[in-house]
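A.B. asks: Chain by chain, the residues:
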Amino acid sequence: MKKRSHLNHKQKVKGVKARKFYRILVEVGPHESLRNLHHFRLDHCCMPQRSIDDAGIRRLHAYASGATVLALRKAGRKVKILADVNAEGKSVRQFVGKGDRFQGGQHGSTGVGKLV
Amino acid sequence: MALIMNTTEIVSALAYYEKTYPRLCQRIVLPEKTFEKRTCYALRIARSRGRNKPAVLIIAGAHAREWGGPDIVINFAGDVLRANHNRKGLQYLKKSFSVRDIKTIIEDRTIFIFPCVNPDGVEFSHNKQHLWRKNRNPTYSKGDPRRIGVDINRNYDFLWNFKKYFHPAAWTSSLASDNPAIETYHGPKPFSEPETRNVRWLIDKSRPVLFLDLHSYDGDVLYTWGNDENQTTDPCQNFLNSAYNKKRGRIGDTYREYLSLEDYETATGVALAVSDAMRDVRNKHYKPLQAVGLYPTCGTSSDYAFSRHLVHPGLTKTFAFTLEFNFEGTAKDPFLATANPKTLHKTMLDVIPGLIALCLAVPQNRRTRGRSTHPSMSRLSRACQDR
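Sequences listed follow chains A and B, in order. Heads up: the first sequence at position 58 corresponds to 666 in my numbering, and the numbers run straight through without jumps. Heads up: the second sequence at position 377 corresponds to 446 in my numbering, and the numbers run straight through without jumps.
Treat the hints with care, as some may be off.
Just so you have them, the derived chain B footprint on chain A, three or more residues with Cβ under 8 angstroms [as the list claims (entries may be wrong)]:
1. 634-646
2. 649-657
3. 674-686
4. 692-700
20 angstroms max Cα-Cα, derived EDC-like pairs, lysine to aspartate or glutamate [to be verified]:
5. K163(B) to D349(B)
6. K316(B) to E334(B)
7. K722(A) to D170(B)
8. K258(B) to D247(B)
9. K157(B) to D170(B)
10. K316(B) to E298(B)
11. K722(A) to D349(B)
12. K258(B) to E87(B)
13. K88(B) to D708(A)
14. K211(B) to D247(B)
15. K106(B) to D708(A)
16. K197(B) to D708(A)
17. K706(A) to E635(A)
18. K172(B) to D247(B)
19. K274(B) to D349(B)
20. K197(B) to E298(B)
21. K233(B) to E298(B)
22. K628(A) to D213(B)
Hints are computed from structural coordinates only; laboratory data are not their basis. Just so you know, even glycine gets a beta-carbon here, dropped at the ideal spot from N, CA and C.
Model the full structure from these sequences, guided by the hints.
C.D. replies: Encoded structure:
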């Protein structure tokens with residue numbers, strides 16, 4: 609059975625480009641300190657992390673530049689690329705308000721709760 | 070379904086509340102402008118009467134990429150003000166608050182909200198690079214755009230100098246960094262940034278008994294402390310004691326941060342009240358968790374807020390929390406999950422009841438000043454020398 613990709617069709621990453629940013633999973637030993645990855649400057653603060661799988665493999669969820677991905681691979685780390693970060697960002701920019709919907713305070717957000 | 074508010078709309082939303090509810094709302098202009106010259110605003114919500122009412126301070130938008138925080142805080146204010154105006158209660162799916170609950174918040178509390186602590190970073194995240202976390206101060210970047218910015222939530226004055234206070238094994242990038250290229254760069258000194266100075270000013274002025282900093286992503290209600298595991302038996306082991314420098318931050322070793330039993334019970338009680346209210350909405354379980362359970366940190370807003378009364382015994386004791394919202398979107402970018410209007414709406418339904426519960430959970434018979442259960446520096450030195 610074909611495995612489902614984390615990437616949708618538009619976001620397929622064909623080759624790693626050093627200057628781009630990616631969201632990745634890096635394999636880490638089950639008892640390995642993240643200090644060992646310190647010099648790769650991975651950005652993983654507040655990101656959801658998966659627990660160790662049945663095979664005892666831990667995967668660190670992080671953002672990294674393409675250059676870092678290449679360096680990790682060169683150092684023998686298994687890296688799975690989940691997404692091109694810029695493509696993900698562009699796709700959601702449509703959800704940010706444009707201009708000023710509240711017209712300087714003439715209108716406003718009235719909340720989401722139901723009055724009872 | 071709502072779109073994410075941009076920084077202009079966040080300011081306008083506060084102006085709207087002040088204009089619509091002039092007897093209850095007062096917009097506060099914070100003293101420091103950001104590096105990009107943006108003025109920051111907070112909102113005070115209270116029925117003005119002479120007596121000293123307990124204050125609650127809620128902040129958001131410190132980490133630019135954690136989309137949805139400002140929207141949640143603004144809609145929290147909108148809900149409470151609208152319900153009070155209509156003399157009604159509020160319902161969020163299966164969780165309800167009575168008319169009396171709303172009245173308690175308006176009549177018996179002073180609520181301060183600061184929905185967008187880091188507007189420069191939020192603007193950059195919305196328009197240029199969504200994964201941006203820090204502010205946009207380029208002073209320490211030496212012209213390299215990758216080195217711009219300071220992590221606001223590592224720039225507060227709590228064990229800020231991590232290389233002095235923490236065990237070298239704890240010096241991971243999530244603790245803090247002195248390298249401007251890292252996402253957790255803590256700045257050249259505590260309170261080097263206008264954003265953190267604004268929060269400090271607001272804490273000074275509001276003297277809150279409860280403080281909450283809204284972040285994502287993990288589905289937790291984090292309580293004191295974030296630097297090491299808690300213990301309630303040895304007052305000598307605390308962040309003020311230099312004998313324990315370079316011993317902090319390693320989980321499972323002998324150093325643990327002291328928290329009096331009374332404070333531990335209050336902190337966990339409030340965290341539980343907040344998480345219970347959120348779980349009742351649609352059975353999503355926000356975990357009450359000691360902050361270090363996420364990972365050891367230093368220079369954070371919540372540890373700074375709680376530590377103030379220990380460093381300066383005359384100050385109000387502020388029980389401080391960090392709420393990490395969101396559960397959705399594990400397969401996609403976690404911080405962008407709330408960009409989707411449907412997910413944002415669900416998240417607001419989850420989290421706003423937690424903020425209302427926080428306002429209702431002001432500790433009774435609270436000791437607001439002093440630190441009777443915590444040794445002073447001089448007492449501490451003597452006690453620890455005797456050992």
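A.B. asks: State for each hint whether it applies.
C.D. replies: Now the hints, each set against the structure:
Figure legend: the region 634-646 of chain A, annotated as covered by chain B; annotation consistent (4 residues with Cβ-Cβ distances under 8 angstroms, at least 3 required). With 8 residues having a Cβ less than 8 angstroms from any Cβ of chain B, the region 649-657 of chain A passes the three-residue criterion, so the hint holds. For a cut-off of 8 angstroms, the count of residues in the region 674-686 of chain A with a CB near a CB of chain B stands at 0, and the three-residue condition is violated. Counting residues of the region 692-700 of chain A whose beta carbon lies closer than 8 angstroms to any beta carbon of chain B gives 5, which meets the minimum of three for the stated coverage.
With a CA separation close to 6 angstroms, the supplied pair K163(B) and D349(B) stays within the 20 angstroms bound. Distance restraint check for K316(B) and E334(B): the Cα-Cα separation of roughly 26 angstroms exceeds the 20 angstroms cut-off, and the hinted pair is therefore not satisfied. For the suggested pair K722(A) and D170(B), the alpha carbons sit about 15 angstroms apart, so the restraint of at most 20 angstroms is met. Pair hint K258(B) plus D247(B) holds up; C-alpha atoms about 10 angstroms apart against a cutoff of 20 angstroms.
For the proposed pair K157(B) and D170(B), the alpha carbon gap of about 10 angstroms is at most 20 angstroms, so the pair holds. As the CA atoms of K316(B) and E298(B) are separated by approximately 12 angstroms, the hinted pair is consistent with the 20 angstroms bound. Our distance criterion of 20 angstroms between C-alpha atoms is met by K722(A) and D349(B), whose separation comes to about 15 angstroms. With a CA separation close to 36 angstroms, the supplied pair K258(B) and E87(B) exceeds the 20 angstroms bound.
Straight-line distance between C-alpha atoms of K88(B) and D708(A) comes to about 17 angstroms, which keeps the hinted pair within the 20 angstroms bound. Between K211(B) and D247(B) the alpha-carbon distance is near 14 angstroms, which keeps this suggested pair within the 20 angstroms criterion. For the proposed pair K106(B) and D708(A), the alpha carbon gap of about 19 angstroms is at most 20 angstroms, so the pair holds. Of the supplied pair hints, the one linking K197(B) and D708(A) holds, its CA atoms being roughly 19 angstroms apart against a limit of 20 angstroms.
Proximity of K706(A) to E635(A) is assessed by CA-CA distance (about 40 angstroms); at most 20 angstroms being required, the pair is judged violated. Annotation: proposed proximity of K172(B) to D247(B) is violated, straight-line Cα distance about 47 angstroms (limit 20 angstroms). For a cut-off of 20 angstroms, the pair hint linking K274(B) to D349(B) is broken: about 34 angstroms separates their Cα positions. For a cut-off of 20 angstroms, the pair hint linking K197(B) to E298(B) is broken: about 38 angstroms separates their Cα positions.
The hinted pair formed by K233(B) and E298(B) meets the criterion: a straight-line CA distance of about 19 angstroms does not exceed 20 angstroms. The hinted pair formed by K628(A) and D213(B) meets the criterion: a straight-line CA distance of about 16 angstroms does not exceed 20 angstroms.
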